[in-house]
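Read top to bottom, the protein sequences are chains G, C and D. So the first sequence is residues 24 to 313, counted in our numbering. So the second sequence is residues 26 to 301, counted in our numbering. So the third sequence is residues 41 to 331, counted in our numbering.
Hints listed in this document are in silico derivations from the structure and should not be mistaken for laboratory results. Keep in mind that this is a model prediction, so the values were computed, not measured. Hints should not be assumed to be uniformly reliable.
Here are the simulated lysine to any residue pairs, SDA-like style, with alpha carbons at most 25 Å apart [claimed, not checked]:
1) C:K148 to D:W321
2) C:K148 to D:S238
3) D:K145 to G:E87
4) D:K145 to G:G125
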Amino acid sequence: MTETATNATSARRQLMDLGFQVLALLVLCVALVSLGALIADIWSDGGSRLSWNFLTGFPSRRAENAGVWHALTGSVFVILVTAVLAVPVGVAAAIYLEEYGGRSVAARIIEMNITNLAAVPSIIYGLLGLGLFVRMLAMGRSVLAGASTLALLVLPVIILSTREALRAVPPSIREGSYALGATKWQTVWYQVLPVALPGILTGTILALSRAIGETAPLITIGALTFVAFAPDSIWSPFTVLPIQIFNWVSRPQAEFQVNAAAAILVLLALLLTMNAAAIWLRDRYQKKLG
Amino acid sequence: MSNSPRVPSLAGVAARAPQPAVVDRPAKIEAERLNFYYGGTRALQDISVRIQPNVVTAFIGPSGCGKSTFLRTLNRMNDIIPLTRAEGRVLIDGTDIYGPGIDVVALRQRVGMVFQKSNPFPKSIFDNVAYGLRVNGMAGSRSELEDRVEQSLQHAALWEEVKDRLHDSALAMSGGQQQRLCIARALAVRPDILLMDEPASALDPIATQRIEELIYNLKHTYTIVIVTHNMQQAARVSDYTAFFWLGRLVEYDRTDKIFTNPGEKLTEDYVTGRFG
Amino acid sequence: MKRFEFLIEWALFLCALLSIGTTAGIIIVLAVETFAFLREVPITEFLFGTEWTPLFATPRFGVLPLVAGTMLVSSIAMAVALPMGLLSAVYLSEYADARVRRFVKPVLEILAGVPTVVYGYFALLFVTPLLQQFLPNLAGFNALGPGIVMGIMILPLVSSLSEDAMQAVPRGLREGSYALGATKMQTSLRVVLPAAFSGITAACILAVSRAVGETMIVAIAAGQQPRLTANPMLPIETMTAYIVQVSLGDTPQGTIEYRTIFAVGMLLFLGTFLLNLVSTWLRDRFREEYA
């Protein structure tokens with residue numbers, strides 16, 4: 024009554040299984056190689072251009088004299104203002120949804136909305152910023168307009184990651200606080216937030232590091248590509264590193280492309296620092312909670 | 026485990042469980058001093074047993090005693106779990122399935138398994154039964170495939186109920202039907218041995234009865250090993266019974282003897298319900 | 041004290057409401073300018089016209105070339121990301137051990153985190169010249185180079201979301217398949233993948249949405265020549281790149297050229313919104329199956 028699948032088919036299947044694994048590993052290698060090629064190419068193009076002069080110089084028509092100081096300070100300034108605008112509002116919204124909102128209809132609509140907003144293309148936010156901040160609220164093409172636009176862009180991400188950090192706080196902490204007669208807000212402010220703070224900071228830094236690489240929304244609101252000075256107030260025009268990179272890449276002369284590569288390295292270094300800070304924070308946080 | 030003071034210890038239980046007095050045929054499955062480890066924990070200790078062909082053998086014992094673990098060593102399903110290790114031998118038709126060079130995929134075609142929670146694939150009834158044939162390269166022509174599927178569904182006593190809706194989703198069937206489908210699926214690849222891990226525990230009494238009838242009819246063609254925590258079921262359905270306790274095989278004998286006149290006190294306490 | 045709590049709750053609620061305000065703002069800003077645009081250009085010409093030359097002396101406002109450009113680049117990107125992402129997901133979900141995952145997952149995360157302007161540089165100055173060695177007819181600006189680079193950029197998205205979907209498939213199904221004598225590859229492809237199908241589809245639709253909305257890679261490397269074509273070797277222009285092109289110039293507010301970026305933006309928004317909606321609906325249905 025027995026019947027055995029022939030040894031040949033079984034061996035063939037095992038061979039196909041092995042072949043499949045090899046294929047999958049090949050795909051992963053392609054991804055790895057692409058990343059490596061990207062870094063190697065940019066490094067070889069722009070590494071030689073990196074210097075203190077480059078970091079602190081201003082743009083010039085002669086490519087060898089051009090620097091990124093205006094763009095670097097612009098980027099940092101814009102991100103700081105974005106953080107000031109987005110973080111309190113985002114954390115507050117997350118606290119509402121996580122601690123107060125519950126399963127009410129309003130809360131669920133807001134949640135759905137946030138999920139949608141997280142997937143809207145960034146250039147649409149640029150159009151929103153153009154129509155709302157630059158024109159209607161007459162902020163002009165200022166740091167404030169740019170930061171407000173970016174703040175709206177990163178708000179969904181900050182809300183989502185803050186909610187996760189709040190969710191990670193054990194319910195026993197809240198229960199203990201209520202049992203002692205504390206109000207909801209007192210519990211949140213004195214008990215939940217301090218515990219969730221490292222997680223919130225990590226999520227915020229990661230969200231801001233994405234914002235620092237954003238180009239399209241800022242171009243749309245009119246961050247000028249030929250700004251040649253560091254911004255001195257929130258009302259002044261500005262430019263950021265990604266836009267300066269875009270500007271230099273678009274020029275046909277090879278020397279400007281070298282500048283673009285060097286500027287990319289500066290941007291990547293900035294990103295690396297921010298991500299490293301976020302990861303360091305997350306590791307410390309995990310150690311504390313267990 | 027239970028914290029009752031009446032829980033007996035293993036002291037005094039024979040190191041090697043007594044085998045049935047009459048062994049009339051060469052064993053289909055034979056375990057020789059099998060030890061099994063999950064990581065550093067030993068789950069099975071020195072299991073030695075000789076299972077007869079074309080009978081139903083039941084593994085009984087309280088939860089966590091190792092009966093399911095032992096069942097899963099017989100078709101090397103435990104290989105899927107990381108950090109497991111088997112020492113000793115398990116012979117099927119005289120060949121050690123844990124020996125070097127054993128094709129596990131071919132082994133599993135010969136030793137079929139039905140699980141406690143029925144797990145039909147989210148495909149049609151036909152495709153569920155045909156799956157084993159297709160992946161093992163046993164499919165043949167379309168009409169041969171259809172014949173095999175019909176045969177398997179008949180063996181599982183399911184054909185009359187589904188013959189007009191073979192291409193409906195398997196998930197639309199009742200729990201009892203789904204379990205019989207899983208049996209048909211396992212039978213389709215023509216194994217010689219059928220392992221069943223608490224096949225009726227999730228089913229209502231009527232569905233359970235049908236599964237038990239099925240097992241009774243199937244044993245003439247297959248060697249069946251069934252794990253059950255329901256002693257009445259073991260008594261109804263099996264010819265031989267093995268009683269496990271804390272990873273050891275305590276006693277193994279003909280079912281009627283185990284339930285009327287067991288050799289070990291531990292066995293007697295278990296089957297009379299004093300613990301577990 | 042009670043009043044303080046009440047005020048606090050309301051303040052928090054208003055912050056949460058801001059997200060609704062954002063969506064409303066997007067819709068209003070886009071709609072106002074789009075309607076103004078449509079007062080001057082009939083909607084049929086906009087949606088079905090085949091020439092897009094709004095900045096010329098005799099302007100034409102048919103948006104199809106931009107849509108075609110977007111679809112061409114996105115298709116190339118998906119052709120790269122879909123098979124590679126799925127293979128990667130199957131491998132990470134069903135085969136990889138802890139060591140491999142610890143190495144591969146950060147690489148994928150980094151790939152997803154590189155700023156798009158950097159990818160644009162890569163596409164223009166490395167990938168296109170490389171491709172030109174094999175395809176000498178490839179123009180300097182084209183759809184192929186940025187398409188491939190975009191595919192690599194969204195590969196991690198396809199991979200991680202598909203992997204999540206496959207992880208949600210219950211173990212019992214895999215065990216049933218192994219018990220019948222199937223190999224791991226057969227189990228992965230014939231049981232796990234079909235079972236995770238709607239979750240994986242949701243992931244792919246989300247990836248398409250991401251590709252459609254991507255701006256900098258195409259703005260740098262795809263060109264500024266709106267062209268209704270399926271030929272990936274020629275310069276084209278996507279919807280997003282057009283918006284960038286106009287924004288870089290000095291278009292005064294209130295002109296029809298200014299309004300075109302909002303009309304195109306509205307089309308882009310509606311398209312990606314629809315895709316995201318379908319993706320979310322599929323994902324919720326998938327979660328229901330395996331909750």
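We went through each hint and held it up to the structure:
Our distance criterion of 25 Å between C-alpha atoms is met by K148 (chain C) and W321 (chain D), whose separation comes to about 22 Å. A distance of roughly 14 Å separates the Cα atoms of K148 (chain C) and S238 (chain D); the hinted pair therefore holds under the 25 Å criterion. For a cut-off of 25 Å, the pair hint linking K145 (chain D) to E87 (chain G) is broken: about 39 Å separates their Cα positions. The hinted pair formed by K145 (chain D) and G125 (chain G) fails the criterion: a straight-line CA distance of about 34 Å is larger than 25 Å.
Comparing the model with each numbered hint stated earlier shows that hints 3, 4 do not hold.
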